[in-house]
Structures are given as C-alpha cells and as structure tokens.
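Trainee: Throw the hints in and build the complete structure from the sequences for me.
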Amino acid sequence: MPVSLEQDRRVWQRYDRATVLKRWAWWIVATIVVLGCWQIISGATRWEFVADAPQQLAQLVVRAFPPRWDYMSELWKPLWDTVNIATLGTLVGLIIAFPVAFLAARNTTPHPVIRIIALLIIVVSRSVNSLIWALMLVALIGPGLLAGIIAIGLRSIGFLGKLFYEAIEETSIEPIEAIASTGASRFQVLTYAYLPQVLPAFTGVTVFRWDINIRESTVLGLVGAGGLGIALNSSINSLQWDRAGMIFVVIFVMVLISEWISARVRKAII
Amino acid sequence: MSIKAPSTRGWRPPPLISDPRLRWLIIIGVVVYLYFALSSVNINVERLIRGLDRGSRMFAGFLQPDFTTRWRDIQAGLIESLTMTVVSTVIGIIISIPIGFGAARNMAPMPIYLFCRGLITISRTFQEVIIAIVFVVMFGFGPLAGVLTLSFATIGFLAKLLAEDIEEIDAAQVEATRTTGASWLQTVTYGVLPQVSPRLVGLSIYRFDINLRESAIVGVVGAGGIGATLQTAFTRYDFDIASAILIIIIVLVMITELISSYIRRRLQ
Chain A
1 MPVSLEQDRR
11 VWQRYDRATV
21 LKRWAWWIVA
31 TIVVLGCWQI
41 ISGATRWEFV
51 ADAPQQLAQL
61 VVRAFPPRWD
71 YMSELWKPLW
81 DTVNIATLGT
91 LVGLIIAFPV
101 AFLAARNTTP
111 HPVIRIIALL
121 IIVVSRSVNS
131 LIWALMLVAL
141 IGPGLLAGII
151 AIGLRSIGFL
161 GKLFYEAIEE
171 TSIEPIEAIA
181 STGASRFQVL
191 TYAYLPQVLP
201 AFTGVTVFRW
211 DINIRESTVL
221 GLVGAGGLGI
231 ALNSSINSLQ
241 WDRAGMIFVV
251 IFVMVLISEW
261 ISARVRKAII
Chain B
1001 MSIKAPSTRG
1011 WRPPPLISDP
1021 RLRWLIIIGV
1031 VVYLYFALSS
1041 VNINVERLIR
1051 GLDRGSRMFA
1061 GFLQPDFTTR
1071 WRDIQAGLIE
1081 SLTMTVVSTV
1091 IGIIISIPIG
1101 FGAARNMAPM
1111 PIYLFCRGLI
1121 TISRTFQEVI
1131 IAIVFVVMFG
1141 FGPLAGVLTL
1151 SFATIGFLAK
1161 LLAEDIEEID
1171 AAQVEATRTT
1181 GASWLQTVTY
1191 GVLPQVSPRL
1201 VGLSIYRFDI
1211 NLRESAIVGV
1221 VGAGGIGATL
1231 QTAFTRYDFD
1241 IASAILIIII
1251 VLVMITELIS
1261 SYIRRRLQ
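So the sequence lines, in the order shown, correspond to chains A and B. Heads up, the first sequence is in the working numbering, so the first residue is 1 and it goes up one at a time. Heads up, the second sequence is in the working numbering, so the first residue is 1001 and it goes up one at a time.
In short, the hints are calculated from the structure, not lab data. If a hint is listed, it holds; no wrong ones were tucked in.
Pairs of lysine-lysine, DSS-like flavour, derived with a Cα cap of 25 Å: (1) B:Lys1160 x A:Lys162; (2) A:Lys162 x A:Lys267; (3) A:Lys267 x B:Lys1160.
Mentor: Written out as structure tokens, the structure reads:
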C-alpha cells in the first residue's frame, strides 16, 4: 500500500502513482474507442427519423391498443406450431448433443482427435444464432415447421453439448472406479457409473434450453420457418398493429408460462 | 425347503422419478404429445430432395467461401455489427446498474422495485428481434435501432443478475458503512458496490459476447449490422458469400469468447 507524505502527514492511497496512471490510460483508451464507435453509429443514423420517435411510439401504442382479442381464434394453430418447434427442436438437439458431449468430455472421449472434432461441433453450433440457422434451412429445404425445428435443434446442440460435457467432466471418480473394478464393460460403466451422476444435470439443462427455445421460436417465422413469427410478419407488413399487439400478448403469456414450468421442473430436480 | 437361485434376484438402478404413477403419466403424456406434434409437421418429400441438391451446392460454397465479390458490403456490415456491440454493451451496463439496484428488494422501496422488475421481465420475455421491430418503427432503419435493441436486452440480463447479487450481499458491511455516518450514495459506493463489482464485470464481458452474436441477426428486420447482408446472400442462394459471412461470424465469436474467458479468469 503506497503511503505518501504531504505536509508531514502520512496519507494513505489505494494505488501507487504508476498504477493510477495506468488505470487512467486504460479508461481514456476505452472512452475513445466507445466514442469512435458511437461516431460510426451516429453517422449511419437519419436523425430526422429519430426526432419524431415519440410520435411514432404514440401512434404505435394507439394502433396496437386495445389488442384485437378475437384474432386469437386464428392464433391457436401458430401457437401450437411454435411450441412444437421449440419442443421437437430441443429433442433433436438433445439426441445429437448427448453422444457429442460424451465424445467431448476429457474423461470419456475415446481419442483426443475425436474430442477436438466434438468441441468444434459445439463451438460452431453455439456461434450461429438460431435465426441464422433458420435462414440457411429455409433456403435449403423451403419454408415451414421442419426448417424451424432443425434450426432450433442445431443451435441447441452447442448449448446442451457444452453444459453436458462440463457436467460429465465434474463426475466423481469413485463410483466409476468401483463399477469398473467389478469387470463392467465400457458401456456398463457409462450406464451405471456416469449416467446416474449426470442425469439430473442433463435434465435441468435440457428444460432450461427448452425455455430459451420457446422464446427463440417466436421469431423464426420472420424468415419463414413457421410459428407465431409468420403471423407477426404479415400483421406488421400490412400495418395491422392491433393484431401485432395481440401476438405480443400471446408471446408474453406463453414465455411466462414456459419460464414457470422450467423453474418448477428444475426446482423439483435439485 | 427349496432355496431360490440367486440369479433370479435382479437389481435395477432406481428410476429418476420414484412415483410409478407419475412416471407412467409423464411417459404416456410424452408419447401422446409426440404423436400429435409430429403429425402436425407435414414434410414435403419432393421439396426435401430438391433441398439435398441445394445442400450439396451449399456445402461446396462452404469449401470455397467467396470473400471478395461483396467484400464492401461485408466490411460495412461487420464494422456496424462490431460498433453496435461496443456501444450497446456500454449503454446497457450504464443503465443496468441503477435498474439493478432498483430491482433489489433490500435496496429499493416497493414502487421502484415493481417498476424495475417489470422492465426486466419485459426485456427478458421478448426476443431481441421483436424488440428490434418496435425500435425500427420508432427510430427508422439503421444501426441506432439495433444499438437500442441490444442495450434494452442487456438491461434485462445484467440488471436481473445484478439485483439477485445485491439481494445476497453481506448486510454487516453495509451496516458498518452506514454507522460511520455515510449518506445513501456513500453506503452504496463503499458498502455495496465492492461486494458485487467483480461479478458485474465478469457478467458484462459475457454479455459483450452475447451482444456480438445477436448483432448479427437484428439486421434481418432492418436494425443494422451484418444480418441484412447475410439474409440477402441466402435469399439469392449465393451460398459462397453466405458461407464467407458465416465463417467470419464464427471466427469473431470464437476470438471474443477466448478474450473474454481470459479476462474473466484473470479477474477471479
């Protein structure tokens, strides 16, 4: 701790002079970077459109409220589709992520090279947003539910795989050695020693991802991959904000319910 | 008296759900659901076969990404995405701190608490793209709508975790600061902030990663960034350009993830 002498009094300071200067330098560099970035954003903005934002918002609210409640009768089918995209997509992700996680975990991987390939699958899947996967799949296999399901599945592999393999790497070694010492085969060690230890974590993570997927699947329709997003897109394109408002209400309620379910299930497991 | 052979005594591991009635109810429910859900997915086989052909073209595109043809568009989109990420993360952090304090039950009076919690819930419920749609209507097309979208999403994420952190702080330190005669602001800066700031920094860096990933998609609805270029490439079936953009996104995300995990490890 640096202590300086000021008029024969000892003054305590948290940092010495060099550290203080270094900290200031970092703050200045960071501020310059942020301001530079803001310059670029500001240069690409039409400020006259920003000026009337309050009026736009007021118009939006007036047009969207009250939401058209009777539009609900047409929303049940997209709502069901959205839930299915999220649930079946999570299932697809789960089926693929399960083996990938065991190949990626340091203690269960058959070979270091295979481990790197598995980690690569996880990283690529995680870096690409489900909406981008959906863009790609709609171009590939055409618009519809299937593209949405696969998009959600592909994005879920990385999330589930990462948290799964971390759970596998945290398993305790004693039960595994105990089972292995009875002469169990590799497969038996997996099912009787590893699985019981990781199954609760796997279930919790999967339910958590399902909850996220419900949220993500609401927008996949914007690029044609089915669900509520298609209804939202057509309502906005035809400027029927009262319908869009109804869809916002539906999404809000659906997400709250799914969050409640996922919290309940995770609490029951832990 | 006959003795049963020990081989008939089988052992099974205990099931995950111990109540057999609940277990069977869940199994039957899942089967019934899967039947109805799968039957509502109509698969167009003919379209899928055509897709396979495109798939091979896409795969070829991935092996030979085309960085040059649309490099100007890609470069502009990338710079926009990166700057959006930086600005929105900073704005998000600055706003999250007061909101996080407001949403902590032990710091704020009831009306402020409810207001902040409400804001966090709205931000967390709606996917970024939906928020972007509203902001594009309000502020016009362009990166500003994207910045505001990502800032808003950042608030929902950071403020919630910060509030939970503040609710769990050690009250003794706060009390000790207060007994010295510190004002409310001094209590917060010397009694509360030091307890939560290491985790806040870590979470902010993590959120930077997320914002970079999200900045690649808000362009789909016109809120700036690389998303619009990517969508154009896909709708024109320019798979070599699309793959170039995807490769750039993946590499960027990987680099920032490496840097952020390095910083977070040094902070701990």
